[in-house]
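Start from the sequences and build out the full structure, keeping to the hints where you can.
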Amino acid sequence: MWREKVSHISKIREKRNRKLNLPINEKELSRFRKSVVEKFGEDVLPQQYYEFLQTVNGIEFNGLIIYGNQLKTKRS
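Number 21 in the numbering used here belongs to position 20 of the sequence shown; there are no gaps in the numbering.
Please keep in mind that the hints were generated in silico from the structure rather than gathered at the bench.
Remember, it's a predicted structure, so these values are computed and weren't measured experimentally.
Glycine included, C-beta positions come from ideal geometry on N, C-alpha and C.
One should not assume that every hint holds.
What the hints assert, rightly or not - For lysine-lysine, the following DSS-like pairs were computed, each having C-alpha atoms within a straight-line distance of at most 27 Å:
(1) 20 - 40
(2) 28 - 40
(3) 6 - 16
Stated by the list, open to error - Pair ranges (Cβ atoms, derived):
(4) 67 - 43: 18 to 26 Å
(5) 38 - 16: 37 to 45 Å
(6) 40 - 13: 31 to 39 Å
(7) 63 - 42: 34 to 42 Å
Encoded structure:
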């Protein structure tokens, strides 16, 4: 169901010359999943959320906000 909604939002945004966020890559996804396990002791997020991130890294549309991966790299 969420895929259809994202597709619909994408079409609306394209009409306004706006694009969705790019998806996260495998390396970013792996780092994110690892950080979730480190913080919570287990992988507590649903698989569909990870699939969402691989489609679009967060979305904001008409009051709907689904946060994407915004891990900050540690500074040395």
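Status of each hint after checking the structure:
{"no.": "1", "hint": "20 - 40", "in the structure": "violated (32 Å)"}
{"no.": "2", "hint": "28 - 40", "in the structure": "holds (18 Å)"}
{"no.": "3", "hint": "6 - 16", "in the structure": "holds (16 Å)"}
{"no.": "4", "hint": "67 - 43: 18 to 26 Å", "in the structure": "holds (22 Å)"}
{"no.": "5", "hint": "38 - 16: 37 to 45 Å", "in the structure": "holds (40 Å)"}
{"no.": "6", "hint": "40 - 13: 31 to 39 Å", "in the structure": "holds (35 Å)"}
{"no.": "7", "hint": "63 - 42: 34 to 42 Å", "in the structure": "holds (36 Å)"}
Comparing the model with each numbered hint stated earlier shows that hint 1 is the single one that does not hold.
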